[in-house]
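With chain L's structure known, arrange chain X on it following the hints.
Taken in order, these protein sequences are the chains called L and X. Each step along the first sequence adds one to the number in the numbering used here, with nothing skipped, and position 313 is 313. Each step along the second sequence adds one to the number in the numbering used here, with nothing skipped, and position 282 is 282.
Hints were generated in silico from the structure; no laboratory data involved. Just so you know, these numbers come straight off a predicted model, no measurement behind them. Beta carbons are placed, not taken as given, at the ideal position from N, Cα and C, and that holds for glycine. Mixed in with the good hints, there may be bad ones.
[What the hints assert, rightly or not] Stretches of chain X that chain L covers, calculated by requiring three or more beta carbons in the stretch to come under 8 Å of a beta carbon on chain L:
{"hint": "1", "region": "232-242"}
{"hint": "2", "region": "433-445"}
{"hint": "3", "region": "479-485"}
{"hint": "4", "region": "514-521"}
[Unchecked claim] Here are the simulated distance ranges between beta carbons:
{"hint": "5", "chain 1": "L", "residue 1": "Arg353", "chain 2": "X", "residue 2": "Gly239", "range": "32 to 38 Å"}
{"hint": "6", "chain 1": "L", "residue 1": "Arg514", "chain 2": "X", "residue 2": "Gly109", "range": "32 to 38 Å"}
{"hint": "7", "chain 1": "L", "residue 1": "Ala467", "chain 2": "X", "residue 2": "Gly413", "range": "57 to 63 Å"}
{"hint": "8", "chain 1": "L", "residue 1": "Ala185", "chain 2": "X", "residue 2": "Ser295", "range": "42 to 48 Å"}
{"hint": "9", "chain 1": "X", "residue 1": "Gly109", "chain 2": "L", "residue 2": "Pro100", "range": "53 to 59 Å"}
{"hint": "10", "chain 1": "L", "residue 1": "Asp291", "chain 2": "X", "residue 2": "Pro181", "range": "24 to 30 Å"}
{"hint": "11", "chain 1": "X", "residue 1": "Ala294", "chain 2": "L", "residue 2": "Arg353", "range": "53 to 59 Å"}
{"hint": "12", "chain 1": "X", "residue 1": "Asp291", "chain 2": "L", "residue 2": "Ala2", "range": "46 to 52 Å"}
{"hint": "13", "chain 1": "X", "residue 1": "Gly239", "chain 2": "L", "residue 2": "Glu52", "range": "39 to 45 Å"}
{"hint": "14", "chain 1": "X", "residue 1": "Gly367", "chain 2": "L", "residue 2": "Pro278", "range": "21 to 27 Å"}
{"hint": "15", "chain 1": "X", "residue 1": "Ala146", "chain 2": "L", "residue 2": "Arg514", "range": "27 to 33 Å"}
2 protein chains.
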Amino acid sequence: MAPTRSELSWSGWGDPAQAGPLSEEVHALLRDALGITHANPAPASLDQVQLEPVRLDAEIAAALRQLVGQSGSDHEMRARHALGRSTPDLLALRAGTPLPAPDLVLMPGSHEEVLAVLDLCQARRVAVVPFGGGTSVVGGLRPAAAAFAGAIALDLRRLDRLRRVDVESRLAYVGPGLRGPDAEALLNERGYTIGHFPQSFEYATLGGFAAARSSGQASAGYGRFDELVVGLRVATPSGTLELGRAPRSAAGPDLRQLILGSEGAFGVITDLTVQVRPVPAVRRYDGWRFDSFASGGAALRRLVQDGPRATVLRLSDEAETALGLARPERLGSGGDGGCLAIVGFEGTAADVRDRRDAAETVLRAAGATPVPEAGPDWEHGRFRGPYLRDALLDAGALAETLETACFWSGLPGLYRAVGDALRESLTAQGTPPVILCHISHVYAAGASLYFTVACAQREDPIAQWRAAKAAAMTAIQAAGGSISHHHGVGRDHAPWLAGEIGELGVAILSAIKREIDPAGVLNPGILVPS
Amino acid sequence: MAPTRSELSWSGWGDPAQAGPLSEEVHALLRDALGITHANPAPASLDQVQLEPVRLDAEIAAALRQLVGQSGSDHEMRARHALGRSTPDLLALRAGTPLPAPDLVLMPGSHEEVLAVLDLCQARRVAVVPFGGGTSVVGGLRPAAAAFAGAIALDLRRLDRLRRVDVESRLAYVGPGLRGPDAEALLNERGYTIGHFPQSFEYATLGGFAAARSSGQASAGYGRFDELVVGLRVATPSGTLELGRAPRSAAGPDLRQLILGSEGAFGVITDLTVQVRPVPAVRRYDGWRFDSFASGGAALRRLVQDGPRATVLRLSDEAETALGLARPERLGSGGDGGCLAIVGFEGTAADVRDRRDAAETVLRAAGATPVPEAGPDWEHGRFRGPYLRDALLDAGALAETLETACFWSGLPGLYRAVGDALRESLTAQGTPPVILCHISHVYAAGASLYFTVACAQREDPIAQWRAAKAAAMTAIQAAGGSISHHHGVGRDHAPWLAGEIGELGVAILSAIKREIDPAGVLNPGILVPS
Numbered sequence: 001m002a003p004t005r006s007e008l009s010w011s012g013w014g015d016p017a018q019a020g021p022l023s024e025e026v027h028a029l030l031r032d033a034l035g036i037t038h039a040n041p042a043p044a045s046l047d048q049v050q051l052e053p054v055r056l057d058a059e060i061a062a063a064l065r066q067l068v069g070q071s072g073s074d075h076e077m078r079a080r081h082a083l084g085r086s087t088p089d090l091l092a093l094r095a096g097t098p099l100p101a102p103d104l105v106l107m108p109g110s111h112e113e114v115l116a117v118l119d120l121c122q123a124r125r126v127a128v129v130p131f132g133g134g135t136s137v138v139g140g141l142r143p144a145a146a147a148f149a150g151a152i153a154l155d156l157r158r159l160d161r162l163r164r165v166d167v168e169s170r171l172a173y174v175g176p177g178l179r180g181p182d183a184e185a186l187l188n189e190r191g192y193t194i195g196h197f198p199q200s201f202e203y204a205t206l207g208g209f210a211a212a213r214s215s216g217q218a219s220a221g222y223g224r225f226d227e228l229v230v231g232l233r234v235a236t237p238s239g240t241l242e243l244g245r246a247p248r249s250a251a252g253p254d255l256r257q258l259i260l261g262s263e264g265a266f267g268v269i270t271d272l273t274v275q276v277r278p279v280p281a282v283r284r285y286d287g288w289r290f291d292s293f294a295s296g297g298a299a300l301r302r303l304v305q306d307g308p309r310a311t312v313l314r315l316s317d318e319a320e321t322a323l324g325l326a327r328p329e330r331l332g333s334g335g336d337g338g339c340l341a342i343v344g345f346e347g348t349a350a351d352v353r354d355r356r357d358a359a360e361t362v363l364r365a366a367g368a369t370p371v372p373e374a375g376p377d378w379e380h381g382r383f384r385g386p387y388l389r390d391a392l393l394d395a396g397a398l399a400e401t402l403e404t405a406c407f408w409s410g411l412p413g414l415y416r417a418v419g420d421a422l423r424e425s426l427t428a429q430g431t432p433p434v435i436l437c438h439i440s441h442v443y444a445a446g447a448s449l450y451f452t453v454a455c456a457q458r459e460d461p462i463a464q465w466r467a468a469k470a471a472a473m474t475a476i477q478a479a480g481g482s483i484s485h486h487h488g489v490g491r492d493h494a495p496w497l498a499g500e501i502g503e504l505g506v507a508i509l510s511a512i513k514r515e516i517d518p519a520g521v522l523n524p525g526i527l528v529p530s
Numbered sequence: 001m002a003p004t005r006s007e008l009s010w011s012g013w014g015d016p017a018q019a020g021p022l023s024e025e026v027h028a029l030l031r032d033a034l035g036i037t038h039a040n041p042a043p044a045s046l047d048q049v050q051l052e053p054v055r056l057d058a059e060i061a062a063a064l065r066q067l068v069g070q071s072g073s074d075h076e077m078r079a080r081h082a083l084g085r086s087t088p089d090l091l092a093l094r095a096g097t098p099l100p101a102p103d104l105v106l107m108p109g110s111h112e113e114v115l116a117v118l119d120l121c122q123a124r125r126v127a128v129v130p131f132g133g134g135t136s137v138v139g140g141l142r143p144a145a146a147a148f149a150g151a152i153a154l155d156l157r158r159l160d161r162l163r164r165v166d167v168e169s170r171l172a173y174v175g176p177g178l179r180g181p182d183a184e185a186l187l188n189e190r191g192y193t194i195g196h197f198p199q200s201f202e203y204a205t206l207g208g209f210a211a212a213r214s215s216g217q218a219s220a221g222y223g224r225f226d227e228l229v230v231g232l233r234v235a236t237p238s239g240t241l242e243l244g245r246a247p248r249s250a251a252g253p254d255l256r257q258l259i260l261g262s263e264g265a266f267g268v269i270t271d272l273t274v275q276v277r278p279v280p281a282v283r284r285y286d287g288w289r290f291d292s293f294a295s296g297g298a299a300l301r302r303l304v305q306d307g308p309r310a311t312v313l314r315l316s317d318e319a320e321t322a323l324g325l326a327r328p329e330r331l332g333s334g335g336d337g338g339c340l341a342i343v344g345f346e347g348t349a350a351d352v353r354d355r356r357d358a359a360e361t362v363l364r365a366a367g368a369t370p371v372p373e374a375g376p377d378w379e380h381g382r383f384r385g386p387y388l389r390d391a392l393l394d395a396g397a398l399a400e401t402l403e404t405a406c407f408w409s410g411l412p413g414l415y416r417a418v419g420d421a422l423r424e425s426l427t428a429q430g431t432p433p434v435i436l437c438h439i440s441h442v443y444a445a446g447a448s449l450y451f452t453v454a455c456a457q458r459e460d461p462i463a464q465w466r467a468a469k470a471a472a473m474t475a476i477q478a479a480g481g482s483i484s485h486h487h488g489v490g491r492d493h494a495p496w497l498a499g500e501i502g503e504l505g506v507a508i509l510s511a512i513k514r515e516i517d518p519a520g521v522l523n524p525g526i527l528v529p530s
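One chain only, chain L, in its complex shape (with noise of 0.2 Å):
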């Protein structure tokens, strides 16, 4: 039975509940390996918990709670929409200072109610942060509300119907506020899912997922969610955009692709139209074991670019594989050399059985071997990962991850380049890591690294771990990477927005914040300069 929301850890990762202590191997390596002598302090209780005084007015806060039916301002609701689950967020949660939390948290029934809110909040010059399941690790909850006459949550909890399902179309009319496993029993119970597996999928939402241009853990098979979503309606400021009458239009730029990615730094997603598929009869997830992670590398790569199509393609490095996080339930047992592929197939029986035959040719012709039992295990702890990490940071460790992506013949430089710049900096710092990666998305033309990093905490861990990111960051663009393949920009990403789309990039998204939301009041502070 999934938790209902005040159940959930309001300073770690979803249900305290799934949240299992550390194996003894772990701590072992944590001691041996990363010099961790002593656990930190439990993190500060949702009652102790200090946050930032309430700046919003009184009379504009009951203005405000008026437009819509469900509100909330007390101790608990403004503290479960403080930050976000990066580490660093989870870090400041968990220090028992005080933290800056909204205001007020509105709960809008419908697209009008929000359009009401923004147009108040505009008037009054009030900071809106969209939150849907509040699982951005990009500093996209934390807005630069100072300047502003407050800050208010916009909860899209209650927008979650399922409208409608158009079957010949393949389309699920949906609300934003819908939480990944939601939205996925509402839609199997018809026959379909979206196929959307990031590993945030428990806790997340659609419209996040949106806003994010998220990417699951099946992209290669069902595609990312910027690409399953077809129409999109939109409360901003300046009023409601609908956008998608086709699959595909030559009608101007496509600004379906504005709103994703904009972070609600352009308006509040209210409505999604997305593509769905039949839930598929068979789902096979295989392991196998390559000499390399080079050798690995080329053969995801001539499977996605000559088939047969895999639903899922990851491959860990020597160090991920080594470590068993790519298994999470064996973490630390350690044993499995080389690197490690998970290969995997939905669909009809046939057509599974089809393409998971023809994938074996390939695999076995560039030197794989299987590896039993890894492709379920693997599915059995695929949305572990944050739960690892509260428990890291428990034991005394900094853990965090990130992610970037560029064309096949870019990576190897790039991924020597992040792993170089995270182990100096950290080392430097005298702390040094842990370092692990794999391959998470591919595609014909590239591919996206994930990084998972450990080490002993410092005095000020959040200053630590900046320090190491912004090297980091400082790598991918040297090597041409991307900033970010699926966790978005946030406040975390913003500085090195310039390095990605150009200077010029960056005052054409200012543009069309000025002209949707010309006071600003829209998460000040995410994606472009406030």
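Relative to the frame of chain L, chain X by itself:
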């Protein structure tokens, strides 16, 4: 041997040597079905045609010429850059009345030369029309230049290099001035193809494909051109945009999707990075007959949603099948009942065999029967449509095409609405038309409809067509379709853009335009109000 530029028809399509006369069957059809009794006078010759006088100040012209390696302003050069290839454009070219031609044609040899030209044009308020193949069918080459100091065409023919093939990432770095066949020849030598074959393939350019969101006849297999572009370099009056560090990214909105479809109004594409694939060993195109447009459409939908993946998927309606337009070599020969589909596969021999066999099972189960020779006939005539139009105009007919797209569930309604609107408008004008249609591009969620209309010409055929087209556009929007699936907006569709993306959508495009091109010199009147 491909004709040189000066050998091309200046007032019609492509190579005059390819433009055959209409058969006696077609003449009979025009006479009996459309009541056309006399041919039109021959088009004006290049020598005779009048051009509007040059307005550009000689000193500015000289300064502009200084900036680029090659330029021209003689009568032929100007006339060959006047207007595009819509039927209204062709009628204007034929009419012999003074044409709005550019004052000067510049042929820059580098990105830097383009930047310098834009700089000077911005400073002196000279309108700039980026010019690729000159094949726009939506008025993309008819700038609203009256408020400017003159207008120049920026002919990108010299930006025609294949700079590099990234074999590992299967990417080609190409110049925007490359025409379809030249790009394919350069790539084929190295074993690759782009796989983009629109009807304009022989004369349009890669930059034009990108700027207008072109879609080719093999889009089911290779994707639309906008899906094949992963990188862009763009010269603008505000500097350079370089976009695309990875196949996909979450670094905010995808700005590539703002340039794709911008039709020269936001900047000049000076380099593209496009996905390429190995040249297929085997190409097989088969004809299949369905009882009805509905049953054929359902079968195409079944194929694109559940596979096997075809490379070409098209379906003519009853009228188009009866007239034989899907087999232009046999036009007017009649005899084909039902609805003809073309189902094509490209790839390795084994892959084509497997997919073709699997498709045959699906098609036969859907009631289709093979039509021998229809596939090769289609292949032979696949680029001949525009020549046919010239011959019909010669013969006294008004002939034009238009296209739209929507989701599958809306397709029957859209099909009826557009046909009815065209028939009513032209019948009311005293010229009952023949209306043909085919499904030209398919997606999991929907498809495009491509209409061909022919009727007798009235005294003012441009006004006659404008009225019919306006009726069709209104019907498209009322039925929920897109104003263009692959032709673009230009000036012809600009009045309906707000109906597609809303007033706010247009305001966003205008804001982007102001930011990039504050003097508004880039293709004024195209896409956004000038």
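Evaluation of the provided hints:
Beta-carbon proximity to chain L at under 8 Å applies to 6 residues in the region 232-242 of chain X; the threshold of 3 is reached and the given coverage holds. Coverage of the region 433-445 of chain X by chain L holds in this model, with 4 residues showing a Cβ closer than 8 Å to a Cβ of that chain against a need of three. Counting residues of the region 479-485 of chain X whose CB lies closer than 8 Å to any CB of chain L gives 6, so the stated coverage by that chain holds, three being the minimum. Given a C-beta distance limit of less than 8 Å, the hint that chain L covers the region 514-521 of chain X holds, as 3 residues qualify and 3 suffice.
Evaluation of the 32 to 38 Å hint for Arg353/L and Gly239/X yields a failure: the beta carbon distance comes to about 54 Å. Restraint check, Arg514/L to Gly109/X: a C-beta distance of roughly 37 Å satisfies the suggested window 32 to 38 Å. In this structure the supplied range 57 to 63 Å holds for Ala467/L paired with Gly413/X, their Cβ-Cβ distance being about 60 Å. Hint check: Ala185/L to Ser295/X, Cβ distance near 35 Å, so the stated range 42 to 48 Å is violated.
Remark: the range hint 53 to 59 Å for Gly109/X to Pro100/L is upheld by a beta-carbon distance near 54 Å. As the Cβ distance of Asp291/L to Pro181/X is approximately 44 Å, the hint placing it in 24 to 30 Å is violated. Remark: the range hint 53 to 59 Å for Ala294/X to Arg353/L is contradicted by a beta-carbon distance near 33 Å. A hinted range of 46 to 52 Å holds for the C-beta pair Asp291/X and Ala2/L, which are about 50 Å apart.
For the hinted restraint 39 to 45 Å between Gly239/X and Glu52/L, the CB-CB distance of approximately 41 Å keeps it satisfied. For Gly367/X and Pro278/L, the hinted distance range of 21 to 27 Å is satisfied, since their beta carbons lie about 23 Å from each other. About 29 Å separates the C-beta atoms of Ala146/X and Arg514/L, a value consistent with the hinted range of 27 to 33 Å.
Consistency with the previously given hints fails for numbers 5, 8, 10, 11, ordered from lowest to highest.
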